[in-house]
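Protein chains in written order, with the numbering used here: chain A, 1 to 150; chain B, 151 to 216.
Quick caveat, the hints were computed from the structure, so don't treat them as lab data. This one's a predicted model, so the numbers in the text were calculated from it and none came from an experiment. A virtual CB, placed ideally from N, CA and C, is assigned to each residue, including glycine. Check each hint, because a few of them may be wrong.
[Stated by the list, open to error] To spell it out: a stretch of chain A is covered by chain B in this simulated footprint if at least three of its residues, at any positions, have a beta carbon under 8 Å from a beta carbon of chain B; those stretches are: (1) 45-54; (2) 61-75; (3) 110-121.
[Stated by the list, open to error] List of simulated lysine-lysine pairs, DSS-like, C-alpha gap at most 25 Å: (4) K167/B / K87/A; (5) K135/A / K167/B; (6) K164/B / K31/A.
[Claimed, not checked] Per label pair, the in silico range of CB-to-CB distance: (7) L174/B / D148/A: 34 to 40 Å; (8) T178/B / L28/A: 30 to 36 Å; (9) A18/A / T178/B: 39 to 45 Å; (10) E200/B / M17/A: 24 to 30 Å; (11) L174/B / K32/A: 22 to 28 Å.
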Amino acid sequence: MIKKILSILSISTITLMALDSGDTLPPLATKKLSLQNDKIYIIDFFASWCHSCEKELPLINKLNSSIDKNTTEIIGVDVDKNIEEGKIFQKELDLNFRVVNDANNEIIGTFNPVGMPSLFIVKNSKIITVITGAKDNIDSYILDGLKDLK
Amino acid sequence: MSMTLFALMGCSLKEVKPWQKGTLAEDTMQYGGLHPEIKKFESHIYFSKEASRGGSGVGGGGCGCN
């Protein structure tokens with residue numbers, strides 16, 4: 001009996017691990033984010049209460065103006081529970097990329113990042129790079145991550 | 151038996167996920183809540199009694215990224 005309970009607990013711990021480089025995206029995330037194969041996606045998780053996200057987003061905005069849109073797309077995932085608050089935040093920052101509102105935290109739950117902000121570079125439903133935590137020059141981190149794909 | 155009971159108390163083991171920390175960052179979740187004067191008053195009493203201050207808060211926006 002005890003062995004059974006412990007095995008259930010260990011399985012649940014494994015399934016709750018954060019997605020890392022080389023992992024495949026769960027179908028739910030691919031569907032919710034409308035991802036296509038052969039395109040590179042930069043998926044950034046942010047929230048209005050996260051000050052580091054607020055600092056990083058203008059740099060991602062700037063990067064979006066310089067990337068090749070045919071091969072690469074930036075998708076923001078706003079994890080604010082209050083969608084209206086999130087939308088005001090997005091408007092204030094004048095985000096120039098597609099944003100998916102994840103109020104019920106379904107999408108971020110599948111990625112299960114270890115911190116916020118969190119950014120994933122994905123191609124063909126495979127995670128290429130994971131960038132977690134506040135970075136002063138997030139744009140250069142992303143460009144470094146994209147270099148691995150060329 | 152005690153181990154089984156401990157394992158069944160799953161709620162006590164549940165962690166706050168990084169994306170759930172927005173609730174913790176709200177003003178109502180701060181010490182003193184929406185009325186900072188209470189916090190000021192409490193810290194004054196603490197200082198008077200203990201002859202020390204500080205250590206009652208953390209930096210950052212609540213996202214655990216600093």
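Results of checking the hints against the structure:
Check result for the stretch 45-54 of chain A against chain B: holds, 8 residues qualifying (beta carbon to beta carbon below 8 Å, three or more required). For the stretch 61-75 of chain A, the stated coverage by chain B is violated: 0 residues have a C-beta nearer than 8 Å to a C-beta of that chain, whereas at least 3 were required. For a cut-off of 8 Å, the count of residues in the stretch 110-121 of chain A with a CB near a CB of chain B stands at 7, and the three-residue condition holds. Restraint check: the Cα-Cα separation between K167/B and K87/A comes to about 22 Å, which is no more than 25 Å; the hinted pair holds.
Between the alpha carbons of K135/A and K167/B the distance comes to roughly 20 Å, so the proposed pair stays at or under 25 Å and holds. In summary, the hint linking K164/B to K31/A is not supported, as the alpha carbons are separated by about 28 Å, beyond the 25 Å threshold. Between L174/B and D148/A the CB atoms are about 35 Å apart, so this pair conforms to the stated range of 34 to 40 Å. Checked against the hint of 30 to 36 Å, the pair T178/B and L28/A passes, with Cβ atoms roughly 32 Å apart.
The supplied range of 39 to 45 Å is broken by A18/A and T178/B, whose beta-carbon atoms lie about 29 Å from each other. For the hinted restraint 24 to 30 Å between E200/B and M17/A, the CB-CB distance of approximately 42 Å leaves it violated. Between L174/B and K32/A the Cβ separation comes to about 26 Å, which falls inside the hinted range of 22 to 28 Å.
Going down the numbered hints, you'll see the structure goes against 2, 6, 9 and 10, while the others check out.
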